[in-house]
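**Student:** Once you've looked at the hints, dock chain B against the given chain A.
Number of protein chains: 2
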Amino acid sequence: MINKDLLALPEKAGRVVKDGEFPFAAVGLSHGHIYGMCDGLIKAGATLKWVYDENPALIEDFRKKYPEIPVAKSLDEILCDKEVKLVASADIPSKRCPLGIKVMESGKDYFADKAPLVTLSQLDAARDAVRRTGKKYAVYYGERLGSECAMFAGTLIERGAIGRVINVIGMGPHKLANGEKRGEWFYKRETQGGILIDIGSHQIEQFLYYTGNRRATVTSSRIANYSHKEFPEFDDFGDCNLLGANGATGYFRVDWFTPQGVKPFGDGRTVIVGTDGYIELRKYTNIGIEDVGNNMIIATNDGVESLNVTGKIGLPYFGQLILDCLEGTEKAMTQEHAFYSAELSVLAQNGAVECDR
Amino acid sequence: MINKDLLALPEKAGRVVKDGEFPFAAVGLSHGHIYGMCDGLIKAGATLKWVYDENPALIEDFRKKYPEIPVAKSLDEILCDKEVKLVASADIPSKRCPLGIKVMESGKDYFADKAPLVTLSQLDAARDAVRRTGKKYAVYYGERLGSECAMFAGTLIERGAIGRVINVIGMGPHKLANGEKRGEWFYKRETQGGILIDIGSHQIEQFLYYTGNRRATVTSSRIANYSHKEFPEFDDFGDCNLLGANGATGYFRVDWFTPQGVKPFGDGRTVIVGTDGYIELRKYTNIGIEDVGNNMIIATNDGVESLNVTGKIGLPYFGQLILDCLEGTEKAMTQEHAFYSAELSVLAQNGAVECDR
Chain A
111 MINKDLLALP
121 EKAGRVVKDG
131 EFPFAAVGLS
141 HGHIYGMCDG
151 LIKAGATLKW
161 VYDENPALIE
171 DFRKKYPEIP
181 VAKSLDEILC
191 DKEVKLVASA
201 DIPSKRCPLG
211 IKVMESGKDY
221 FADKAPLVTL
231 SQLDAARDAV
241 RRTGKKYAVY
251 YGERLGSECA
261 MFAGTLIERG
271 AIGRVINVIG
281 MGPHKLANGE
291 KRGEWFYKRE
301 TQGGILIDIG
311 SHQIEQFLYY
321 TGNRRATVTS
331 SRIANYSHKE
341 FPEFDDFGDC
351 NLLGANGATG
361 YFRVDWFTPQ
371 GVKPFGDGRT
381 VIVGTDGYIE
391 LRKYTNIGIE
401 DVGNNMIIAT
411 NDGVESLNVT
421 GKIGLPYFGQ
431 LILDCLEGTE
441 KAMTQEHAFY
451 SAELSVLAQN
461 GAVECDR
Chain B
111 MINKDLLALP
121 EKAGRVVKDG
131 EFPFAAVGLS
141 HGHIYGMCDG
151 LIKAGATLKW
161 VYDENPALIE
171 DFRKKYPEIP
181 VAKSLDEILC
191 DKEVKLVASA
201 DIPSKRCPLG
211 IKVMESGKDY
221 FADKAPLVTL
231 SQLDAARDAV
241 RRTGKKYAVY
251 YGERLGSECA
261 MFAGTLIERG
271 AIGRVINVIG
281 MGPHKLANGE
291 KRGEWFYKRE
301 TQGGILIDIG
311 SHQIEQFLYY
321 TGNRRATVTS
331 SRIANYSHKE
341 FPEFDDFGDC
351 NLLGANGATG
361 YFRVDWFTPQ
371 GVKPFGDGRT
381 VIVGTDGYIE
391 LRKYTNIGIE
401 DVGNNMIIAT
411 NDGVESLNVT
421 GKIGLPYFGQ
431 LILDCLEGTE
441 KAMTQEHAFY
451 SAELSVLAQN
461 GAVECDR
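Here the protein sequences come in this chain order: A and B. Take 111 as the starting number for the first sequence in our numbering and just add one per residue. Take 111 as the starting number for the second sequence in our numbering and just add one per residue.
Extracted from the complex, chain A is given alone in its bound form (with noise of 0.2 angstroms):
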């Protein structure tokens, strides 16, 4: 058996702020990953002051949701309202750090959705724009920060769970269509990014935050088209390789090709091995078994043990950002990890080898 204090449950995440003590907006609610941000921050305390889109369509969608919140004449107007103090973004990804200059020259803190950005020039620009303004460009990775499992493989491994973490095998697959109407930007390289940018900068922020690696070197990296030729730019297959400057390695596979069979968005896999032990993490299904998310599974020389951690740890992620941003710390994440997860993706995207197109 494992020993249990290994395995205890960290206090679960809540409120760090009270109401009207962090004002927020949301700008640019082109994914539906904007859900889940203006979640995450109103659950740790923050307070949705604004939204604004320039589709009147998506605000529409996102008053569904959010009744209340009131709509801004434009984003200057949020830009000029010094109570706000953060500004989150689920614009589409060409757009994202554009936007993001803006808010933090306005003197506001960004929080942008992953990929936060899909060009090495326009990740340039951002590192020039934090450094002038001193202001965050926080990037929500969700596959890590979204996920209770996910946080928790975090915290057993810091424990020395598993020894030294040696590999990362990701799996993220998703669905193409999940009741969900993508919009042309999505199939375009310029504005989407391509694959490895888009949903692999996911798998690329758990490879090196796992490992415990600032560096690695995408050692080789694929796209594919094998069956949506008519989106020549799609990608609907990526995967790639990562190699840590620690020496640990990894690889990931994204790509579109969920059946409708299944039943969330994607069966997203973690597999970490460590020199004492593994974890496996299925995050949104236990395929075949069960549909639950947030599964743990452990192995160690002691034992195995299979955990369901949902609604156990809460996403801490949010009430860390928030007191960054109140506090100038980086608990939640540090700038240089959020921006070199991008960059990394950025480099895996242009170098990829393309396998069927």
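Derived by calculation from the structure, the hints in this document are not laboratory data. Zero decoy hints are in this set.
No copy labels: a pair is met if it fits in one copy or bridges any two.
Below, simulated DSSO-like cross-link-like pairs (lysine-lysine); rule was C-alpha separation at most 27 angstroms, straight line:
{"hint": "1", "residue 1": "Lys114", "residue 2": "Lys373"}
{"hint": "2", "residue 1": "Lys114", "residue 2": "Lys285"}
{"hint": "3", "residue 1": "Lys212", "residue 2": "Lys298"}
{"hint": "4", "residue 1": "Lys298", "residue 2": "Lys339"}
{"hint": "5", "residue 1": "Lys291", "residue 2": "Lys373"}
**Tutor:** Relative to chain A, chain B alone:
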């Protein structure tokens, strides 16, 4: 729900010859795989006529399982026995090829444990001997051929159950010590070949088979010795990327880090993604759920099914191999598939990047 006809079980593999119609010998008992090889042949009707090894201790162990089997005085005694149709061997990997050439030159077919050879010059010699003698150099890639769920996966792919196969991820973790003492040869590159040859060859064979490729490229490979520094030549980790001629992609990880808490020798998995669904094999344990092998999960647009096929498929490879020997066919496996899997394994090992040593 997935259509029942699609998932219909094939007729269970049984005996293909009568007692005495297919006498064979076991020569070279260094690896425990010899037992699976002999058992498989015997269940398909073959008759074990002789056993031989230079090491009397290995013969003694063998005769605990097969007490009735006569011990030959020498290899020559077996090679001169005209009744013997095939020699099965799980000798030290570097000795498998020289033995196989002698066997084929004596007019008998040869059946080697994987890896069947450890260098490209051995491969050249083996190919040449097959051409000269017209005999077979069959290879027991047991992680497919000895796994009922892995065999059934092949059937489902042939039926088109998941469409075109675009990616195969293999995880082949192993326990270093599972009640089994490893010989010195196991830790030496010259005799064992290296991890990508030893246990990587299983994975390469599966990739070629499931993706339907006769040719593929090793696009990158890595080895490491993370924490067995007392054996400086030993690889405790390896991984590899494959690109099939038809555009399908593959990755596998092999390692010797399976912790003692896991009951079988390793939590071997295969995840096969097609354009219309995917199959996951949990070959030796349904980790964290139930300690049974031969678990298959299949997800398609019609639903998800979880199957356990223990005792339902049998191991058709052995009967097919016997008939191939008797009838000159290649139904069990083509000679070229057996050799080419070995060729890519050697190329993967020889070209591997060292991540830690």
